[in-house]
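Protein chains in written order, with our numbering: chain R, 882 to 982; chain G, 882 to 982; chain F, 882 to 982; chain Z, 882 to 982; chain E, 882 to 982.
Mixed in with the good hints there might be a few duds.
[What the hints assert, rightly or not] Straight-line alpha carbon distances no greater than 25 Å define the calculated DSS-like cross-link-like pairs of lysine-lysine that follow:
hint : chain 1 : residue 1 : chain 2 : residue 2
1    : Z       : Lys904    : Z       : Lys957
2    : G       : Lys886    : R       : Lys904
3    : E       : Lys957    : F       : Lys957
Everything labelled a hint here was simulated from the structure, so no lab data went into it.
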Amino acid sequence: MFIAKVVGSVVATQKTKSMVGCKLLMIEPYVIDPKSGDRMITTSRSLVAVDTVGAGENEFVLIVQGSSARMTPETKSLPVDATIIGIIDSVHIDRKSISLE
Amino acid sequence: MFIAKVVGSVVATQKTKSMVGCKLLMIEPYVIDPKSGDRMITTSRSLVAVDTVGAGENEFVLIVQGSSARMTPETKSLPVDATIIGIIDSVHIDRKSISLE
Amino acid sequence: MFIAKVVGSVVATQKTKSMVGCKLLMIEPYVIDPKSGDRMITTSRSLVAVDTVGAGENEFVLIVQGSSARMTPETKSLPVDATIIGIIDSVHIDRKSISLE
Amino acid sequence: MFIAKVVGSVVATQKTKSMVGCKLLMIEPYVIDPKSGDRMITTSRSLVAVDTVGAGENEFVLIVQGSSARMTPETKSLPVDATIIGIIDSVHIDRKSISLE
Amino acid sequence: MFIAKVVGSVVATQKTKSMVGCKLLMIEPYVIDPKSGDRMITTSRSLVAVDTVGAGENEFVLIVQGSSARMTPETKSLPVDATIIGIIDSVHIDRKSISLE
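With the rest of the complex left out, here is chain R:
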């Protein structure tokens, strides 16, 4: 899994029938800043994930990828390869909470 920030949303009216009603969010994977080690920074990559936990824009979330993205009640048997399975409260490095912003 990895940590990502919700940066937006995606609208696709014409889609595979089973995907109707799925909330599609635009996310950016984040990594620990290799220089400071005390905050997370964007990787500048953009992915689309299905939301199952009520995540909102600018929130940090936990993303699961691959076949495991289908292992939630909301995504079972769906053609999805990335699912938001949690909202991040905090990340602790060296026992200190680091900045999520």
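Using the hints, position chains G, F, Z and E against chain R.
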């Protein structure tokens, strides 16, 4: 999943029997422009995806990869690892629609 | 899936029993030249794929990866993660056939 | 699989029901230092993995990814794509134990 | 699949029960040298794979990844995502055998 632009098509006469009749499109994954944040730019990578939604050249589409690419009625049990499952109408970042061109 | 060029072959006498008789080809993934847009260029990566369509050296082929690589009659239940499922006749970008060489 | 260092932990109160009680650790994949060959260095990437072996911060661990991350008793059917399946005692290159720190 | 060189071994006493007895080798993926085309060079990446064919240090091997890594008798149902399924005798490019060293 990720957003991609349909840039072309692929013809392969000699292929695995189950793939006969599959529409194969050339796609380029797109990401949010890390500089401006208000448009999408190509990653310059090239992949081949099966179309299940009637996508056309220059349209932006939603791609699912891996085993989940087989989770549509059209691709069930096929040897495919990337499927177009939707046509993108719009992408919203910071509650504003960004440019798709 | 992606387009690759067959650049060679691999010999491995000592191998998992189920793989005996499998034709293993060395392939290089190709992408559309981001500069000219009218030809395909190598990514300089090297992978090994199982051939199921009678591909030969210097031919352009279609590769499927992951669990989907096992979705052909020849590769069912085999420990393979990349299979050649077609021979590319042509690639069309902006409705023009581009160079494969 | 790959070797990673546990660098921290992740707290997510609001999450998919099946994930409640899962210990989520922040890990950084490590590679053999290509220059010296006698120690492991960080890749500066950050992933989140489920712990099944009681790993602690600063320990080197073995990570399995993808659907195989669900092949432990603790992660069966969970929406997880990375699991810690072992704690690394030592890595031997050219028959010498290399530095893990 | 890809070609890799066995560069070492990994010891992990504390691990998931099903992995006890598994031989874990450190491998480096190799690619054809893009400059000369007549030898293979390291990618300087480091992965851990389960050996099923009796591979030894400095040998070139064939690696399968993902769920297909579980498709050998020795790795069935194990939490492994990379398995050595063959020992490379030779690689032929342009019908000439290239250097493996």
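Do the hints match the structure? See the list:
Restraint check: the Cα-Cα separation between Lys904 of chain Z and Lys957 of chain Z comes to about 15 Å, which is no more than 25 Å; the hinted pair holds. With a C-alpha separation of about 21 Å, the suggested pair Lys886 of chain G and Lys904 of chain R falls inside the 25 Å cut-off, and the hint holds. Pair hint Lys957 of chain E plus Lys957 of chain F holds up; C-alpha atoms about 15 Å apart against a cutoff of 25 Å.
Hint compliance for this structure: every hint is met.
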